[in-house]
Amino acid sequence: MCATLSSTVLNAFIIGVLGYIFYKIFAFIVWYKNLRRIFKDCPGPTDGHWLMGNMNKFPKGGQNLVNLMQELGRQYRRYYVLWFGALRPVIVVCHPSTVKEILKTSEPKSTGFGGVYRHGIPWLGRGLLIADGARWARSRRLLTPAFHFDILKPYVAISNDAANILIEKLEPFVNTPKYFEVFEVISLCTLDIILRCAFSYNTNCQRGQTTHPYVTAVHEITETWGVRNRTPYLFPDIIFYLSSLGRKFLKNCKYVHGVAEEIIDKRRETLRKDGLSSRKYLDFLDTLLTAKDESGIGLTQEEIRNEVDTFLFEGHDTTASAISWTLYSLAKHPEIQSKVYEEINNVLQASESDDLQWEDLPKLEYLTMVIKEGMHFHCPVFAIQRQFTKDFELDGHTFPAGTVVSIQILNLHHNKDVWDNPEEFIPERFSKENSATMDSYQFVPFSAGPRNCIGQHFAMHEMKVVISKLIHRYKFEPEPNHVPEKNPAAVMRTSNGIRMRISKRST
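Counting with the numbering used here, you get residues 1182 to 1688 for the letters of the sequence shown.
Derived by calculation from the structure, the hints in this document are not laboratory data. Predicted model, so just to flag it, every value in this text is computed and none were measured. Take these hints with a grain of salt, some might be off.
Claimed, not checked - Computed list of lysine-lysine pairs in BS3-like fashion (alpha-carbon distance at most 25 Å, straight line): (1) K1334 <-> K1544; (2) K1334 <-> K1461; (3) K1520 <-> K1544; (4) K1513 <-> K1334; (5) K1513 <-> K1461; (6) K1520 <-> K1553; (7) K1520 <-> K1432; (8) K1281 <-> K1238; (9) K1221 <-> K1238.
Using the sequences and the hints given, assemble the complete structure.
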């Protein structure tokens, strides 16, 4: 009888397990059919692979990926859907009206399975770039004072000094047939600036070297991040971290975290010994270490490191991309470069100084137009993502909570329904008159809405100073027959370099 009872219990258990499995399979089939039904009539490529979705047609990176994205942008000028694997549709928006519907909200970054920002958490943690909800609001509130204009003023002198060091490094290339790689030297300059401005940390990173281990590590991290975002089978952590790519990613993350910890520990020691009274001015790191919320609670050590990692990356890599690509466009358009030089020369002559002053920055109106056109044309950050926490409507379609939306800045900035001659480099499109009538979601190099870039004024000031110093000193020429191939990672890089030659100006 016991044997019969045991057999009955076992059979019931097996039936229960099988029933649960069949229920889950049935529920999945219903969910999958509903998912396909929701996205069935949306614009976008329809030749996807049954397992890989549209990713089987995607190049792994480089100019071919940029070309494909721009081709999709020309076909679908408002929005379209891409399938990242069979189960992950992503809505790509590329028109001001659709971009506005996304960026005007405070919806979080995409940190769910397969989300691009999820893959960056081991590096940047949940700092201001990735944090959501109340955590983001608290961090934004605590960090905003670090970017007040009174805080930014002393940074102009530091940017001048860093640009002067860069000029010293470039002198061996003056009036010679030698070409140099622009991104390489600009990255060291912007790293020097962010370390000294935000952290009062002088490493002399520009002197005596062509690159820096931190720059190399960040480059490799962002390359790996980009590859993983486009490779669905690397989405699961267990697969990614067992791969050579994942192990290299963790090794580089460990190194950059060590750099951040060293910066923080040295400042803590200085503050412990001398307090804030020894500081000539409070920088970003001082704000991180001393800020307290309404409850009197400050940032934890982990939160501080996350913000240091975030601003080290955003403060040097994104800006380096913008400066490098803008210099390339100036080299390609000597008539525009001459106008920039004339404006800079007039401003510096009026101030009787070789260095720009805080008061000079608003006077550089044409250079401002050129920098904006550089970010419009080349898109240092080519895409950002959000993940909706509730159902939302877009162009008459209702999409469910959990849907990921990618704001394709590259296609937005080259959308022919929005811009006249978007494939031409035209700084005048950002004149005061034209800017006054421009849609606020038409040009979003620093994002827009409540989650726009907190450091955009700092970045603009830095770009003005560095480009001004270089153009005032040198005439830039591109290497003939060399076309830089764009390579979108976390920022818009180049896979074959931006190569230029310089000659010293006669006046």
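Hint check:
1. Note on K1334 and K1544: the hinted pairing holds, with a Cα-Cα distance of about 15 Å set against a maximum of 25 Å.
2. Straight-line distance between C-alpha atoms of K1334 and K1461 comes to about 13 Å, which keeps the hinted pair within the 25 Å bound.
3. Distance hint between K1520 and K1544 is fulfilled; the C-alpha atoms sit about 14 Å from each other, no more than 25 Å.
4. Of the supplied pair hints, the one linking K1513 and K1334 is violated, its CA atoms being roughly 32 Å apart against a limit of 25 Å.
5. Between the alpha carbons of K1513 and K1461 the distance comes to roughly 42 Å, so the proposed pair goes past 25 Å and is violated.
6. A hinted pair counts as satisfied when its Cα atoms are at most 25 Å apart, and K1520 with K1553 qualifies at roughly 15 Å.
7. At roughly 46 Å between alpha-carbon atoms, K1520 and K1432 are farther apart than 25 Å, so this suggested pair is violated.
8. This hinted pair does not check out: K1281 and K1238 have alpha carbons roughly 29 Å apart, beyond 25 Å.
9. A C-alpha spacing of about 20 Å is found between K1221 and K1238, which places the hinted pair at or below 25 Å, so the restraint holds.
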